[in-house]
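Asks: Residue numbers (this note's numbering), protein chains in the order written: chain E, 2 to 704; chain F, 3 to 102; chain D, -9 to 189; chain G, 128 to 488.
Hints listed in this document are in silico derivations from the structure and should not be mistaken for laboratory results. Computed from a predicted structure; not experimentally measured. We put the CB at the ideal spot given by N, CA and C, even for glycine. Treat the hints with care, as some may be off.
Stated by the list, open to error - If the Cβ cut is set under 7 Å, some of the chain E residues that face chain F in the computed set are: (1) H240; (2) L303; (3) A307.
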Amino acid sequence: MSATTHEARGLWAWVTTTDHKKIGILYGGSAIVFFIVGGVEALIIRLQLAVPEGAVVSADAYNQLFTMHATTMVFLVLMPAAAAFTNYFLPLLIGARDVAFPRLNALSYWIFFFGGLFLTMSFFLGGAPDGGWTGYAPLAQQVTETVRMDYWSLGLQILGVASVMASINFITTVFVMRAPGMTLMQMPVFAWMAFVVAFLLLFSLPIVAVGLFQVYLDRNLGTLFFDAFGGGDPILWQHLFWLFGHPEVYVLILPAMGIVSEVLPTFSRKPLFGRAFVIFSGIAIGFMGFGVWAHHMFTAGLGPVAEATFAITTMFIAVPTGVKIFNWLGTIWGGSIRFATPMLFSLGFIAMFVIGGLSGVTHSIVPADTQQHDTYYVVAHFHYVLFGGAVLGLFAGLYYWWPKITGRLLDERIGKWNFWMMFVGFNMTFGPMHFLGLNGMPRRTYTYPRGLGFEFWNLIATVGAFLIALSVAIFLWNAIRTRTKGEIAGADPWDGRTLEWATSSPTPVYNFAEIPHIETEDAWWHAKYTEDDEGHAVARPIQPDPDLAPTTDIHLPSPSYYPALAAFGMFLIILGLVYLPLGLVLSGAGVGVTLWGLFGWSLEPLTKESPDAGHPSPEETTEESDGSEESGDEGAEDGEGDEGDAQTDGEAGNEAGDDGDEQTDEDAEDAEDDKGDEGDKQTDEGAESAGDEDEDEDDGGES
Amino acid sequence: MAEATHHRPHPTTKDYWKIAVVLAVITAAEVWVTYIPALSSVVAPLLLTMGAAKFVIVVGWYMHLRYEERLMKNLFLIGLIATPILFGAVLFTFGVLIGD
Amino acid sequence: MSTDAAVAEHHDGHPDPVRTRKVAMWVFLGSECLFFGTLISTFLLFRTRTGDGPTAVEIFDIPFTSASSFILLMSSLTMVLAHHSAERSDWRRSRIWLVATALLGTVFLAGQVFEFTEFVHNGLTITTSPFGTAFFVLTSFHGLHVAIGVIMLLGTAGISYAGRIRPNEGMNVEAVGLYWHFVDIVWIVIFTVVYLMQV
Amino acid sequence: MTRRLRLLVLLVLLVGVSLLVSCSGPDRAELHQVVDISMPQNSLEPAGPEARRIDGLWQLVFWIAVGVFVLVQGALLFAMFRFRERKGERRSIKQLHGNTKLEIGWTLVPAMILAVIAVPTVSAIFEMRSPPGDEENVLHIEVTGHQWWWEFHYPEYGFTTAGEMHIPAGRPVWLTMTSADVIHSFWVPPLNGKRDVVPGRTSHLRIEADEPGVYLGQCAEFCGLAHADMRQRVFAHTAADFEAWAAAQARPADLPTEGPALAGWETFKIVCASCHAIDGTEAVAELAPNLTHFASRTSFGGASISNTREHLRQWLRNPSSLKPMTPELNDVSSGRILGMPSFGLTEQQLDELVAFLEGLE
Ligand code: HEA
Ligand code: HEA
Ligand code: CUA
Ligand SMILES: [Cu+2]
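Chain E with its partners taken away, still in its complex shape:
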């Protein structure tokens, strides 16, 4: 291993990187590849359904296709895409040099990578999962001759482990790594939504993790969890899945909402309207998202009391979501709107998400839902929120942040083609599905007979799907040609408001030459502008320079191949578990590899030869306990090293700052410190407002 940071080159540099930016790019690249995979699956689905009695694929192949299409799009496209933006921009948005636990971050990515590989491999190893992305019992347990649903349960399991690790990492990062002075409420909205998402995953994934273990055990050890005839209960699975599944859908949409909340202000030259309300509605959605899961079970026979309760909780999620929509309208209202591609995608997001949301509310009307459930009307609903919402939002983010990541702008003219093609194709594909569903076409059907009146709209939908494919191809072309022909962006191409634009493009490895001190939200905008007495924006005479070089050397975490190695070990473990009993040999080897990776990791210093005598690098001692696969524990374990490192950075920054500073600035600093204090009172109120009553209970316990 190279002694100093960033010596490794080429592929190896990517395998061993612990830089949150590179890991973010890895997530993003994987997401795009899987988007094409899941998209091609979708195109085959559409071909099969274009005409009645379609004969493009067999029923068996079709069931694998729609199951993997959904699994891919949800777990291997939207989640990693959100993870990509969070990884790359969360530290930048909060003025940090990295996440709290860089190597844990790498481990999360590599586990995700092998999880995706594992699921996709199944196509070539006796067939892909074919029980629907919801894997309903007892169907998922019925055929144990094939290993398809074993791939599904183990694949989702390991992807979940990766997400929990990442969530712990992001939550800790937000709590401890914010730039000095930045209160929670001053965090950019995207950072806030990523923060809420981390909590949603943290509390919903362990539930489905248990469910997935139960599926695996039922299939392989003959346990009776979901075996109705053995005394078990298939409905239990539906609860466990949707207790995770519904929070999950907000996991998919909140990051997009965060992106839109960053893009709209920038391209309206106006701050986000009702910032605090947008943030709190996000938190509210997070909380309420845990109280509606049974709306996926309205035909399962929960009994009228439960059905009525969940109908009401479900409806009222529309309220905080509406608050967001209306505040976005308030943001562009009275602004000066530039229709750059990111803005187009954001406005498209609002328009399309509202449609999907409204159809969602019609689902909450239980009697009506007994007609809509498991029909194409539901398929229409969730594609309007997932594609019209999440995907359009993520594309907005791609066009918005591409220059910060690559240093070059994506071509605007091609971008507009991309948007309009996708917008039209999307509505052509999924708009008709509303009619199909209400006219009686169930989902998950490999074909439909002539004479039910489904022919016309299905053909339209298929044509639309190919328009979408074309738009995606246009995007890929735009991305490729930008690498050479793209216009050089400069640090702040959009006249941005938040900290990521306060450093040069592409982002330097150290993120910021000096760790900024934060007094307000939209700190970068306030560095460039002031408001006159009527509140009009006025450019400051002296503009800040984002392209400063660091005045002291900054120590960053060294590359390490141990995270990737440990992840590979886990891959071997689950692969072995598919093929019991012989596979146990492979699993055993996997355990060995995993332990090797974690042990090597625990003895490897995070920053090599840190000259900083003031901070004895404690890494060697940090991770003795990594014999375990306890994500949280590792988190805790390698935190120390990272923090030791973060300290050196912090000081480097500060010293540099103080050296160059004039008298006035020092006052300013004191002022900041005070801000810092009250800031933190807010901090805790902000974060803990939820838990106050818990607080009391706890005291009660003590006395």
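Use these hints to put chains F, D and G with the ligands onto chain E, whose structure you have.
Replies: What follows is chains F, D and G with the ligands alone, placed relative to chain E:
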């Protein structure tokens, strides 16, 4: 550095032993009540309270949660509170809670 | 009550490593609550579904389980003593307590293995009835956590013995400690809800 | 590049569409034989009281949603047009940060709208789930979901049929449903919403048709390979016609006495009787549809295949060629039946069996 966050003095070694004795006594009591037919009607609530007491003691003193800042308290408590609420609802739809 | 801590953090403008790792650990434990909550709820749903297999009353051996529960409970004492010594940089004593904790944990695991074999002899297996399924899966997952804890404890003691002592060693002991105590409180719940309340 | 794009689009469309039409399979169901309306499975054309009540709720919610939609999209488009930045222009913008009154407003208004929707919803939930009162003269039918066909048992008349349900129009029918294997969902959109059919549980559904007619539906919960082919046809008759039909169905089958049909019956006893029942004979197995009055049905194979001689022959020759099934995975001991095997019958045996089955009026 950890001390910086502590407001009440940490327990001493002696305190820890005392706490252990308390825990042991409660455990004994728990087992004891299950053998008393007279208490069979109230045994469930009794056990739950005693279990909860042990739980709080370990979390509060041995895990020092009562000495930590609210942030950490609440990070843990959100999960702790959410669990019974969510699964209370689930078991309700199965009629388990009413059942007995 | 947290403000001072936070202020302390903000005055020197960079985060406090001890706090960082504690936050991460508590976050993780919050997540673990739902993990075991799911397993325990599954058991509560199936506790009476014993089919033609043995019921809780027939199978449980309360005195024995009480003993092993007591042992695990006391391992929390040794654990906290290990942490206490470590904070006062008394590494020798700290190591002794760590090993003692690991030993108690191992004894508990041995007890669980014995209990399982007993149950199987008396006709309760993982496939006998939903009750058996839920019971074995819940207690095995807890046992797995204990086993991992034992490895972590021995690792900590070992590396401390290897002489790699650093000011933050105390923190490592605390991290392992938090995990260990959590495993213990989970058992407190299981012992009360799964064992005592079923007989 | 504009022209190039247009060309691309055209190409994709042409290739795609031509490709598709070419690979559309034969019409197995021949629905035009039994129904003349254009959308016989439409939830928006209710044909009974339950479906009509649902439709009423739907209409209410739909139009409210349309209202919200128009307002929001209208505001969006207006703002986009009114506040667009013109070329070169660089206004300095008033930095509005928010307005608490507005926030309260657009929190409360949606909440109130939803409260309005909630009231009829909740009452409908409770009323539509209530079992029939004794005063109603309901017809009871026991429904069992199988992979991949529906079994209908008429307890008052003591006969069992499959795939096709006959009911008296204008009279409520109370379904008592369960599943023999995995979860299915009983759904005939014109008559009522769907209800899941869960193994180990019984669920209920009330359906009623105003007028005589044919109403189509299909299993709505993904239940494996042939989920798409697990269909049902509901025939509503006048009271008299229904009683006549029921009486006919209640009769035991009249077995052939000579000719190929008799030979067919012999083959049936050896080959088919291990799974199929024919009332009043020694064929009593219940793993597959009861065939007592097979010839009186318009369809078979989970009501997904029209009951014609050609289809019947093809089915008996190789069932999986008409409907995707995996009989190789059948496991009678565990009751897992995933399709009808192909028995490699000779052409003559096929003729005889067809003759026999066509005799089961
Ligand atoms: C990004 C993902 C996402 C999002 C954000 C949502 C959002 C919502 N969903 Fe959706 N949903 C899915 C993804 C999502 N859903 C998926 C994947 C499924 C299918 C799973 C499967 O079976 O495979 C599903 C299924 C699903 C069902 C089950 C349907 C069935 O199977 O029978 C229901 C039922 O209530 C539902 C409801 C809702 C509601 C009420 C919202 C609300 O959050 C919407 C709120 C938003 C608005 C309402 C619009 C904006 C608000 C205003 C403009 C204010 C004014 C509005 C009013 C006064 C009404 N969804
Ligand atoms: C994020 C989530 C997401 C996304 C983005 C999509 C995108 C699409 N979905 Fe998907 N879908 C789901 C989530 C999603 N879906 C879920 C959860 C289900 C439920 C599954 C279940 O029931 O279990 C589902 C089910 C589902 C069905 C119902 C299947 C059934 O019930 O039988 C259909 C049918 O049309 C469908 C279609 C499509 C189409 C046409 C797209 C298109 O938008 C796809 C567009 C993308 C591409 C086309 C990319 C490919 C690009 C190219 C090909 C360019 C060429 C370049 C190269 C090859 C280099 N989806
Ligand atoms: Cu039966 Cu779908
Ligand atoms: Cu939902």
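Asks: Can we keep the L303/E interface hint, with Cβ of chain F closer than 7 Å?
Replies: With Cβ-Cβ at 5 Å, under 7 Å, it holds.
Asks: Hey, does the H240/E contact hint survive, CB to chain F under 7 Å?
Replies: holds (5 Å)
Asks: A307/E was flagged as interface toward chain F. Is the shortest Cβ-Cβ separation under 7 Å?
Replies: holds (5 Å)
Every hint, counting from the list given before, is met by this structure.
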